[in-house]
Structure formats: structure tokens, C-alpha cells
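Just so you know, the protein sequences line up as chains B and C, in that order.
For any residue, its number in this note's numbering is found by taking its place in the first sequence, counting from 1, and adding 21.
For any residue, its number in this note's numbering is found by taking its place in the second sequence, counting from 1, and adding 28.
Some hints here could point you the wrong way.
[Stated by the list, open to error] As a list, the in silico EDC-like pairs of lysine to aspartate or glutamate whose alpha-carbon atoms are at most 16 Å apart:
1. B:Lys64 to B:Asp121
2. C:Lys74 to C:Glu48
3. B:Lys134 to B:Asp144
4. B:Lys152 to B:Glu132
5. C:Lys74 to B:Glu143
6. C:Lys178 to C:Glu197
7. C:Lys74 to B:Asp177
8. C:Lys185 to C:Glu197
9. C:Lys280 to B:Asp121
10. B:Lys152 to B:Asp48
11. C:Lys74 to B:Asp88
12. C:Lys74 to B:Asp73
13. C:Lys185 to C:Asp170
14. C:Lys185 to C:Asp216
[As the list claims (entries may be wrong)] Short derived list, chain C residues pointing at chain B, Cβ under 10 Å:
15. Pro31
16. Ala35
17. Tyr70
18. Pro83
19. Val84
20. Leu95
21. Pro161
22. Glu163
23. Glu257
Simulated from the structure, these hints should not be mistaken for lab results.
For clarity, every value in this text was computed on a predicted model and none was experimentally measured.
Cβ atoms here follow ideal geometry from the backbone N, Cα and C, with glycine treated the same way.
The primary structure of each chain is shown beneath.
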Amino acid sequence: MTPDDQQLLSWVPRLRRYARALAGNRDDADDLVQDTLERAWAKSALWRGVADMRGWLFGIMHNLHVDGVRRPRIATQTMDDDTPEVATAPTQGERLAVLDLQAALDLLPLEQKEIVLLVALEDMAYADVAKTLGIPIGTVMSRLSRGRERLRALMDGRAEPVRLKVVK
Amino acid sequence: MNPITEAELHAFVDGQLTPERHREIEAALAQRPDEALRAQAYREQKQALRALFDPVLDEPLPQRVLLAARPRAPWYAQRWVAGVAIALASGASGWGLHGVSQRVWPGAALATAGFAQRAAVAHAVYSPEQRRPVEVDAAHEDQLVTWLSKRMGAPMKPPHLQALGYALEGGRLLPGGQGPVAQFMYRDAGGQRLTLYVSNEIGDLSPAASGARRGGEVNAETAFRFAREGRLNVFYWVEGRFGYAISADADKAALTDVAGEVYRQLASTAAEPPR
């Protein structure tokens, strides 16, 4: 195995961790990882010029995920028992308070979720997040701020900014 | 003391401040309970996310991910494609190692994933059928071959998998994305079904399709891939104009053996003159 192979392989567990958090279930996450690796190989001629391999790989994954969300494949939901349940809509008695972290995460807009995750899971510097996602650092900060606050509100069981009043 | 900006509060949580500024913010937060509370909540949020997703780091890598990470590794030496490797080694024509060992057509890979999904759906629809699993049964194999070959525009002879414990039940014609698709149904002694799905719509999907055609032989581009659709394992590949998918609720090793055998028989069939 060449050093390049090993280099790519060494990133796989972290790509999988991020993909799992992003996609919410194992199969979709591994589809994303597989596609990312294939795209990375297809562009392997560029590796020499890539200074930040992590940013480059996570950037590829970001693009593929955004494309995939925009143009979803025919949905195939894995039905076997060992698949973790995806977010279920909270029933009335339970309200938002019972949302678990994964479910709350899935309620974040993608643009906020990605940043919250890159910072939390990868400990990525804000400047690197900006480069990976191709957005200005100011945007990174504002989305991070909104994403974290929203996640906190969801986990605390507080409703979103606009509360519905019961009108008698 | 400067005011604490929102960005600084986050940078404080993430340890992305200079040590000096970090100490200043830390001191300032002692006087600002609301912001201190938020910083604490964000820190706990990070820890919770790590606790939730870090276990993924320790999971064994799925085979398909492992293979995608190592496209230039001698994949054919790995156990699960051993059957196919033997087929290759035994002189199957048209299998350029170039195309096999370098899986560099992600666009087509995505397209074939859709093909595999259709195969899986077709399997899921017809394999539970007790009374009409096939349109033409194995007792009329000659008719089946003639019919499917005519409709598919190429010889469609079902591989024989008796040696692996699968008896041919028959086959049917299905609508694919743009035209007909053939499905062959097999059954093992325990009643478990296996289907072979053959599509000729796949050729245009791969960018290498035109370039790799050599002297009328099949195209070189192909990649063996696994997909899992629920309980179903699907093993699929592309060869020439055709995409093949084998679906079964069986483990990968068993499916790999079948795939190797199917490949071997298809290669030898292709060498015969068309009927």
C-alpha cells in the first residue's frame, strides 16, 4: 500500500463519524463516505497540491451531501433491527422535552448543523471551517451561534422563538 | 475590559482564543452569569455530541467503505472477491485490469447504485410470491431464453447455480428505467430466493463506455460493489452494456460465491456465438 492509500484510509473513521452525525443513520452515512472516497480517488491527481487533507475531504463530503439533499436518491430505508431509529416526531404529551440529541440535531438547518458538528467533532478551527465549506468566517460564526443556541433550546425543551398561543 | 462578543464566547468554549484573551473572558464571565451559563451549555453540548458519535470511530469499517478507501490495493486478493479473482485468472476475456483496479468513475458509480436499488426493489416485490414468482418457469427454460433474449436484444441464458445450492425457478421481464430488464429467480433447498437482475441500460452511464471498448469486446470498466437494502444484500457490477445485480437475503460470503459463479458462466457464454 502506498502512503497515499494509508493517508486516505486514516481519515475514514473520522469521515464516518461526521457523516453519521450529518446523515443520521448508518446506511446513508456510509453511502456518503463511500461516495466521498470515490470522488477523492477520482481527484487523486490533485493530492500533491492539497495542504489540508482533512479540509479537502470534508469539503468533498459537504458538496456531495448538499447535492444529495438537493436531489435525493430514491429513498431506501433500512428496516433491519440493528439500525438506530431516526428522529420520530414528538407526540403531544411528550413535547419537545424528550427530543434526544440526534433528533434535535436533525431539526437544525443543514448549514448550521454542519458547522456545529465540524467544530464539536473535529475541533476544527473556525478559519478551516470557512475554507472547508467555502464561506466567509463571519458566516461561520453567525451560523455556529444560531445553531448552538437552537440546539440548546431544543434540548431544553423550550419551543422555538415563535411560540403559539392558545386562543380561547 | 472589552465587552465579550458573541464570536468570542464561542471561541472561548472552543479554545480558539489567545491564552491572554481566554483568561480575560474567563474572568469577565464570573460577573456575567447568563453568558457563563451559555458557555457552559455549549461546552456540554460539544461533549454530548462527542459522546454520541465518537463510538463510530471504533466501529469496524464496512467492507464497501474499506474498498472505496483502497481502490489501488490488490482488491482481488481479498477473500470476498476470491471467486471473481479466479474467474479473472482463468482467462476471462475483456476484463482489463486497468479498468478493474482503478475505480475512477464516481458518476457511474452513483448511477449503478440506482440500478442496484431497482434490482433490490424487484427482488423484494417478486421473491415473496408463492404462486407466481416467475412468468416463465424453469421447466420451459428454452422458451424463457428465447423470449428474454429477443426482448433484451442479447443472449440471455440463465447461469446454472445448482452446484451452489440454488435451483432455477424461472424468469420474468420487468420494466427498467428506459426499457426491459430481465430477472431470473433461484431458490435454495430452504426456500430462500435469490434473483439475478440483468439490465442493458447501464452502458451509457459510464464515461469510459466508449473509450474502453476494444475490438468488439466488452468494455473494461467495471467494479464489484456491495449494497445493503434492508435485509437484502445486493452484489452488482457492470460489464460491457450490461449491469448485473444479485440480490438475496443471504450473507456476503454466499453471495460472493454466487457472483463469482455467475460471472464465470456469463464470460463463457459470451465466448459462444449467439444462438
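Each hint tested on the structure:
1. Only pairs whose Cα atoms come within 16 Å are accepted, and Lys64 of chain B paired with Asp121 of chain B is rejected, the gap being roughly 38 Å.
2. Proposed proximity of Lys74 of chain C and Glu48 of chain C is contradicted: the alpha carbons are some 23 Å apart, above 16 Å.
3. Among the hinted pairs, Lys134 of chain B with Asp144 of chain B is consistent with the structure: their alpha-carbon atoms are about 14 Å apart, no more than 16 Å.
4. For the given pair, Lys152 of chain B sits about 14 Å from Glu132 of chain B by alpha-carbon distance, which is consistent with the 16 Å threshold.
5. The straight-line distance between the Cα atoms of Lys74 of chain C and Glu143 of chain B is roughly 10 Å, inside the 16 Å bound, and the hint therefore holds.
6. With a CA separation close to 20 Å, the supplied pair Lys178 of chain C and Glu197 of chain C exceeds the 16 Å bound.
7. Straight-line distance between C-alpha atoms of Lys74 of chain C and Asp177 of chain B comes to about 15 Å, which keeps the hinted pair within the 16 Å bound.
8. Between Lys185 of chain C and Glu197 of chain C the alpha-carbon distance is near 13 Å, which keeps this suggested pair within the 16 Å criterion.
9. For the hint pairing Lys280 of chain C with Asp121 of chain B, the CA-to-CA distance comes to about 34 Å; that exceeds 16 Å, so the pair is violated.
10. A hinted pair counts as satisfied when its Cα atoms are at most 16 Å apart, and Lys152 of chain B with Asp48 of chain B does not qualify at roughly 28 Å.
11. Straight-line distance between C-alpha atoms of Lys74 of chain C and Asp88 of chain B comes to about 27 Å, which puts the hinted pair past the 16 Å bound.
12. Of the supplied pair hints, the one linking Lys74 of chain C and Asp73 of chain B is violated, its CA atoms being roughly 24 Å apart against a limit of 16 Å.
13. The straight-line distance between the Cα atoms of Lys185 of chain C and Asp170 of chain C is roughly 9 Å, inside the 16 Å bound, and the hint therefore holds.
14. Among the hinted pairs, Lys185 of chain C with Asp216 of chain C is inconsistent with the structure: their alpha-carbon atoms are about 19 Å apart, more than 16 Å.
15. Annotation: interface hint on Pro31 of chain C violated; nearest CB of chain B at approximately 15 Å, more than 10 Å.
16. Below 10 Å, beta-carbon pairs count as interface contacts, and Ala35 of chain C has one with chain B at about 4 Å; its hint therefore holds.
17. At a threshold of 10 Å, the smallest CB-CB gap from Tyr70 of chain C to chain B is about 5 Å, leaving the interface hint in force.
18. For Pro83 of chain C, the shortest C-beta to C-beta distance to chain B is roughly 9 Å, which falls under 10 Å, so the interface hint holds.
19. The criterion of a C-beta within 10 Å of any C-beta in chain B is met by Val84 of chain C, whose closest approach is roughly 4 Å, and the hint holds.
20. Annotation: interface hint on Leu95 of chain C holds; nearest CB of chain B at approximately 8 Å, less than 10 Å.
21. The interface hint given for Pro161 of chain C is violated, since its Cβ lies 21 Å from the closest Cβ of chain B, which is over the 10 Å cut-off.
22. With 10 Å as the threshold, the beta carbon of Glu163 of chain C stays out of range of chain B, its nearest partner Cβ sitting at about 25 Å, so the hint is violated.
23. Given hint, Glu257 of chain C at the interface with chain B, holds; its Cβ is 5 Å from that chain's nearest Cβ, closer than 10 Å.
In summary, the structure is inconsistent with hints 1, 2, 6, 9, 10, 11, 12, 14, 15, 21, 22 from the numbered list given earlier, while agreeing with the others.
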